[in-house]
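Student: Keeping their order, the protein sequence lines are chains Z and V.
Under this note's numbering, think of the first position of the first sequence as 740, with each following residue one higher.
Under this note's numbering, think of the first position of the second sequence as 360, with each following residue one higher.
Check the hints yourself; a few may be wrong.
Taking lysine to any residue pairs in the SDA-like style, the calculated list, with each CA pair at most 20 Å apart, reads [to be verified]:
# : chain 1 : residue 1 : chain 2 : residue 2
1 : Z       : LYS1002   : V       : GLY603
2 : Z       : LYS1002   : V       : LEU667
3 : Z       : LYS1002   : V       : GLU421
4 : Z       : LYS958    : V       : PRO537
5 : Z       : LYS958    : V       : ALA538
6 : Z       : LYS958    : V       : GLU586
7 : Z       : LYS986    : Z       : GLY940
8 : Z       : LYS958    : V       : ARG584
Since the hints were derived computationally from the structure, they do not count as laboratory data.
Quantities reported herein were computed from a predicted structural model and do not represent experimental measurements.
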Amino acid sequence: MTTRIPAPLTSMALVLLFAAMPVTALASGEIGDHVEDLKAHLGEYDSEVKDFNAKVDGLVDSYAEKGGESVNTAKLIEWWEDVKFHAAVEVNYVPVYASIWQGIYGVKEAIDEGKAAAEVRKQQRALEQAMWKGMGAVMLAAKNQADGGTSEGDDSGKVSGSDAVDRILTNLDEVTIEYAENESEEATEIIHNTYLNLFEGIEGALIEQDAELVEDLEKDFNVGLPKLIENGASVSEVTDYVKAMKKKLKRAQKLLEKGEQDKKDVF
Amino acid sequence: MERRELLRGLAALGLLGSWPMGALGAGDAGDAVSVDELPELEGELTLYLGRGEGGLYEDVIEAIRKRNPKLTLNIRRGPTVALANTLVAEAEASAQQADLFWAVDSGSLGLVSEAGLAKPVREEARSHLREGFRYEDWAPVSGRVRTLPYNPDRLEPKQIPESIMALPDTDLSVGWAPAYGSFQSFVTAMRLLEGDAATRDWLRGMKARTRQYAGELGVVMGVSRGEVDIGLANHYYTLRLKAGQPDAPLELAFTKDDAGSLLNASGVMALRDTDLAHNFIRYLLTQEVQSYLASEAYEIPMVEGVALPEGLPEAASANPPSIELTRLADVRPTLTLMRDAGVL
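Based on the sequences and whatever the hints tell you, model everything.
Tutor: Printed below as a string of structure tokens:
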């Protein structure tokens, strides 16, 4: 079975549903029935991770021995897109999925820019760590799936300001994923939807506590990050920008949590 | 100026249009009731709740739940318009589940009302609403007014036109957020009051002098930063910014008797004619809930005797237009018109 989610759904709505949904669709491309029975495929995923890491290792070895012309870094993306594990981790844990893409581009850009082998190895280690972290997430999801865990859905209760920040953080990971996959339009759409549907909901309370922080994040959402994407910045530039935004959002989250405590009672 | 004087001032200056003079001041009905005067809620209720106000409605619901341990409250949440459509679809399929609908905008209530699903608001609740807000089949819970936030470092109040339709003919730079729901309600009001052709011309005329923002807090912040002279936004964004930055160069102006000073409201309606559903509505109209929404969300209370949110201008001079709020439900022609004009 192959499914591709229509563009509008690849953004926030999909990310919001990732955590507990028994997923039947994939944000960035094809999906297999295997994700509906993760437990039965854990062995296969494990082999794929080992095989992928070995291929990356071989590529980095070649680069270290023979230089940049001896390797085709586009293969890194091809190998990653070929494995079933790709879908398994994407639908279960977006933050790690983002780290894997960042790791792939870390290695790719280090080689493409002719960096020292030691620097490429550093990126390779980060990529391997992300892959194994992804494997851990898939194993946990397989257990939950086998135990019959399901989503409570969007009607389950109050979304606090702090929860909204968590969702924004996840969406920003999704932005980096889409951008790494050359889906600039979708990445920009996620930014816009996240601003309108999530950030706008918290900024009212936040602005009373730290107006400068809100102003800063407003610029990030409406100017900084979309412009980087529009101007075709490198994946690592976008990733770094998102990292800086996430740091500010964590600060915002603490302020919102404090604000919740200080809020007066209704009755 | 004392708070009550401010209320009188707002009313005397005609803040209400179809919402009669005096409605924000002291009225002839009794003051808001305290929650202590209401009966305990017992039984099961299903509420459809349109999302809004950054979770403050949820705080109200939690408080009602805590106070009424024998109440089983089932809640379905979602975008307001989607819930309105669901209610109509469920009724058509004879599968109605909701007892109550609490919507962030009155337009969505209009959709449900037009489908004949709303039960009349009982007098015990209606009589406490501000005069002019006493609708037949829904009770406004809290209101917000369209405003022109401006930067006093960049212009004098006299440079601001009293008519929203005159804004394109000024030399002012304007911040707006066309993708924003409240803005679209405002354009819908303009369409209803001035007609499609005049609204299209207005949008086209504005395009040359506007700077677009993603949301209306962004508009207000843009005004305070001096990026634009003036903005189009709901009142509470300015109040919130001023609460965080009391010295921000930002003031509020209102147009007169047109869509630029539209007063819109969130509201609640009973879909089943039960004591429990109607008493739930009475809880939302208590002194305590109304004060909470005014102080925490800067919304305009809809019940007699409850103070306006802090920070509304002392010399407020708004004069909202006469318009049936539930007519704002039909936003599709507005979106088509905005696309035609190239602003969406």
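Student: Can you give the numbers of the hints that this structure goes against, from lowest to highest?
Tutor: Violated: none.
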